[in-house]
Amino acid sequence: MRFEGTLDIAAPRDRVWSFLTDPTQVTTCAPDVQSLDVSDPHHFKVVVRAGVGPIKGTFSMNVQFLELERPKHAAVLARGQAPGSAVQMVSNMDLSEFDDTHTVMEWSSEVTVSGMIQQVGARLMQGAADKITQQLFACIKTKLEASVPI
Amino acid sequence: MAVEIGGIGQSVKRKEDARFIRGRGNYVDDVKLPGMLYLDIARSPYAHARIKSIDTSKALAIPGVLAVITGKDLVPLKLEWMPTLMSDRQMVLPTDTVLYQAQEVAAVVATERYIAADGVAAIEVDYEPLPVVVDPIKALQPGATLVREDREQKDNHIWHWEVGDKAGTDKAFKDAEVVVKQDIYIPRIHVSSIETCGMVASFDKINGKLTVWMTTQAPHAIRTVIALVAGHLGLSEERIRVISPDIGGGFGGKVPVYPGYVLAIGASVLTGHPVKWIEDRSENIQADSFARDYHITAELAAKKDGTMQALRVKTVADHGAFDAAANPSKYPAGLFHIITGSYPFAKSFVEVDGAYTNKPPGGIAYRCSFRVTEAAFTIERLVDVLALEIKKDPAELRMQNFIPPTAFPYTSSLGWEYDSGDYGRALKLAMDKIGYAELRKEQAAKRAKGELMGIGISSFTEIVGAGPSKHFDILGIKMFDSCEIRVHPTGKAMVRLGVKSQGQGHETTFAQIVAEELGLPVGDIAVEEGDTDTAPYGLGTYASRSTPVAGGATAIAARKIREKAKLIAAHLLEASPDDIEWKDYKFQVKGVPAKSKTMQEVAFAAYTNHPQGMEAGLEAVDYYDPPNLTFPFGSYICVVDIDRGTGEVKVRRFVAVDDCGTIINPMIVEGQIHGGLTMGLAPALYEQINYDDDGNIQGGNFMDYLLPTAMETPNWETAKTTTPSPHHPIGAKGVGESATVGAPAAIANAVVDALAHLGVRHIDIPITPWKVQKILKEKGVAE
Amino acid sequence: MAVETAPATTTGTRRMKVHVTVNGQAHEVEVETRTLLVHFLRENLGMTGTHIGCDTTNCGACTVLLNGRPVKSCTVFAVQADGMSVATVEGLEKDGKLDPVQEGFHEEHGLQCGFCTPGMMITAAALLAANPDPSELQIRQAISGNLCRCTGYVNIVKSIQYAARKTRETAGGKAPDGG
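Residue numbers (this note's numbering), protein chains in the order written: chain W, 23 to 172; chain F, 31 to 813; chain P, 4 to 182.
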């Protein structure tokens, strides 16, 4: 499944970059984070609880920055598992300066889900993904657009 | 008299019902032993992946979790692989690579069922996904993803098998006036008996005795397999007891050995406690052996007038990641070469190639013996394609070509010797019963109004009763079957068999055979099966073999008893044995009906007053090696109406005429046919297990895998002709699977017939509303 | 690996006492709150007549009556049945006399392997309690949530028709209490 979109953020590009590529900051916007373990600047492990339709579970995700071209491009591989299921996500992000105070983020994610979530929840996946994406971006915007960094 | 004793031909009410209607059946999940532990299995979410690591620490930290077993733990025990019934091997648990989604990866043993499931959820496996191949045709192409790295042969080709006269068939096709060709895909389906698979394994460390309660159709063969697989661990065949208690439906799915069984036994040996393993439905559908998955290209050569001459069939068989089918050793494609069906093809040639894919293993039956449905569907579909091609009524075309009754025993061009048959009589009866001529008129009238109605015929020939030992074995064990009868002093009998009922009513029908042969009332005869400590060795119940093989053993064992009883009767009647005859279920002095002895009197004498020099007692055992297979047949006619809005196919009427030779219990036979027809309807219209390109199963539970309910299932109409098998001791042929074999083609033919005037020649099953609606839209007739 | 399970760390193992009357007999048992009613019946009470055939509420093998209404006991927690009455297959026979539904299934060969039979009979009993003279279509609709793999349903329909007839004849038209 491929997801993509564009997000306008009323914040300077450097600040957006710093926020989105810092595991400790960006995961504050992920849903229901149980734990975060940063091993090095390119790798971290995050445990989140999420649900697709009737299946709720703990997703244990290993995240790796594949490409980091400050301050405009990043690529991330996240791979993890939930009970009876596995998830792999390759995401790309490109930041461009609209002006000094506005950044445009173009993003795309290629998500592969295997196992029970795919079988039982396939028809609910789009809705669940949309919901998580909306929450995530709303949170990112709120945090970055706040006059005082949150 | 026959009515009183409940002998052959009587609709005796089932003896086994008494416990089932009271909720007192004893299925494997009902077995509860002191100190019993529970086993649950972690399965792969990926269809193909390298296992980088398995972290069991969180699972082991859960209170109540006693052990986690991974593939690496099985290596020192040499149990990480097990042999399949088809000379392949199958992983019990993987040591480094998983080959299909839902494959077993680790097992958790815990004190409670829920805790075991908690443990499974807490196991963390780090997988590296690998490329996936799910299409067997792509799998056979050069450069395809290799499924089985463990084999020396570095491609996905398992075997090539062929039968028939290739050169002669090719020539017949070259010279033919008419050739029709059709690609037919018979999809992967699953038997889905309402009871899933499971086991309670109990290892007694002190006596070294293993007792297992297990959902198996073949307990004796399983005992031998356990001894072969785990003999090196000290499990010795005389100390292995396999009990197959009440079984909640089998249909072929309970023949193979699944990894869960091996794990439950291993866990019991390891812990010294009884261990229970019961599958969930989703595990059952996703990981247990599938059926079918044949990609067939079939060609038929004929004269312009419709006379059939030659048949040529090429097939790719998708076997998933392991060849774990349950065919007789000699026949990797089962009895697929019954594909010439009810027609006397002078020349024919069939070839099948097996392929590995990243899908669960199997290739077992789905209530049909050894690939016979695939064969019957193909030939009966192809006959209709020919009928369309030469514009001939499909009934007339069949009547014109049938092997005539005078030709039996008939040897087909692919080598089978058909025992008996009268195909025209069965089709004629079906046509009369359904009112074929009137239906054709109705169809023409409806077509004129734009309504879609179709009539489909299937005149199938089955092949069951495997089988004669010269051709049939599984793992080298010849496919005989057995019966042991003990007549007690008070004239009651105990009958033990090597087969095992899964709902077929053996406790009643086998008692009827004995009643008929010995003149004892059916109520005085107890039938016991499924305990290897007490029953004689047999190969089990599948492929409609119980009546043809164990039924033969039962009749002959009873006749052995009667022979001895005759000598005792002569002694009691003070007559020469030559002057004694068996008449009206009694021994009597020829011509003197007043001088007679009943079997009960003789039985008492066998223990109290037997002739000097004769062994006491009245027992016999027979291991019956059938001289040939049996060939049940039938003609089915189906009428469908198609909704032009939704594309839904409604089976309006279905007449099934079956001929299974001598009928032991008409009520039970009719019930078998009803059930078989419903399992023919299911794949024709509803059931399929599909996979996406990543190998994710589509339809891995009852929400997506649609078993017919009472709403879709029509009121089946049945009738019979009786053509006894000339070689079977009571003339019976077996019936459990005929209807499943014959029905799908009748339904598919009816749907195609409804759309034929629009240019439709074939639709692959299952014929779902979506497929039909797509055609209706293409043809511009959708509402 | 059923959908309902979750790690103990997140679900906890909370326990609760439930009071349930099964086939007229009162039981007070402490269970884990996540215990399904079907497991409660089978494991805690040892009443194995109620079967489990799927994990998605499709097959109906686990059908029991909860306060007289048929439910699939694999989709009800035992704690939800607290204070209620449950009727199972074991309670159909009363004072050594088979329920007309049980008699019907035997007489009309409405069962083969017997695995779906308890759920099927309970559904039938509930139908006849509500509608003593159902049409064939009404019977088929009533049992459409109960899957049978052996019989093709024809004889199950006949069995229920037999039971309806028998009930009307013996009770002079009075409907049974359905368990």
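What the hints contain is simulated information worked out from the structure, not anything from laboratory work. Glycine residues also receive a C-beta, built at the ideal position from the N, C-alpha and C atoms. Mixed in with the good hints there might be a few duds.
In silico SDA-like links for lysine to any residue, alpha-carbon gap of 20 Å or less [said to hold, decoys possible]: (1) F:K168 with F:K45; (2) P:K169 with F:D734; (3) W:K78 with P:L101; (4) F:K801 with F:A749; (5) P:K161 with F:A48; (6) P:K161 with F:A749; (7) F:K680 with P:T16; (8) F:K360 with F:P113; (9) F:K88 with P:K161; (10) P:K161 with F:Y215; (11) F:K102 with F:E179; (12) F:K82 with W:S82; (13) F:K616 with F:E604; (14) W:K78 with P:G99; (15) F:K45 with P:G99; (16) F:K204 with F:K88; (17) W:K67 with F:K168; (18) P:K97 with F:E645; (19) F:K596 with F:D563; (20) F:K62 with P:L48; (21) W:K78 with P:V79; (22) F:K88 with W:V69; (23) F:K45 with P:H109; (24) F:K594 with F:E558; (25) P:K100 with F:A624; (26) F:K239 with F:K45; (27) W:K67 with F:P217; (28) W:K78 with P:T16; (29) F:K168 with F:Y215; (30) F:K43 with P:L101.
Short derived list, chain W residues pointing at chain F, Cβ under 7 Å [unchecked claim]: (31) N114; (32) S118; (33) Q141; (34) G143; (35) G149; (36) A151.
Sample of chain F residues lacking proximity to chain W, with all beta carbon distances greater than 10 Å (derived) [said to hold, decoys possible]: (37) R73; (38) R119; (39) Q131; (40) E154.
Going through the hints against the structure:
no.	hint	in the structure
1	F:K168 with F:K45	52 Å, violated
2	P:K169 with F:D734	38 Å, violated
3	W:K78 with P:L101	45 Å, violated
4	F:K801 with F:A749	32 Å, violated
5	P:K161 with F:A48	18 Å, holds
6	P:K161 with F:A749	18 Å, holds
7	F:K680 with P:T16	49 Å, violated
8	F:K360 with F:P113	16 Å, holds
9	F:K88 with P:K161	54 Å, violated
10	P:K161 with F:Y215	37 Å, violated
11	F:K102 with F:E179	18 Å, holds
12	F:K82 with W:S82	15 Å, holds
13	F:K616 with F:E604	16 Å, holds
14	W:K78 with P:G99	47 Å, violated
15	F:K45 with P:G99	18 Å, holds
16	F:K204 with F:K88	68 Å, violated
17	W:K67 with F:K168	38 Å, violated
18	P:K97 with F:E645	49 Å, violated
19	F:K596 with F:D563	31 Å, violated
20	F:K62 with P:L48	12 Å, holds
21	W:K78 with P:V79	18 Å, holds
22	F:K88 with W:V69	14 Å, holds
23	F:K45 with P:H109	9 Å, holds
24	F:K594 with F:E558	23 Å, violated
25	P:K100 with F:A624	43 Å, violated
26	F:K239 with F:K45	32 Å, violated
27	W:K67 with F:P217	42 Å, violated
28	W:K78 with P:T16	18 Å, holds
29	F:K168 with F:Y215	15 Å, holds
30	F:K43 with P:L101	16 Å, holds
31	N114	19 Å, violated
32	S118	33 Å, violated
33	Q141	5 Å, holds
34	G143	11 Å, violated
35	G149	17 Å, violated
36	A151	16 Å, violated
37	R73	7 Å, violated
38	R119	25 Å, holds
39	Q131	7 Å, violated
40	E154	6 Å, violated
In summary, the structure is inconsistent with hints 1, 2, 3, 4, 7, 9, 10, 14, 16, 17, 18, 19, 24, 25, 26, 27, 31, 32, 34, 35, 36, 37, 39 and 40 from the numbered list given earlier, while agreeing with the others.
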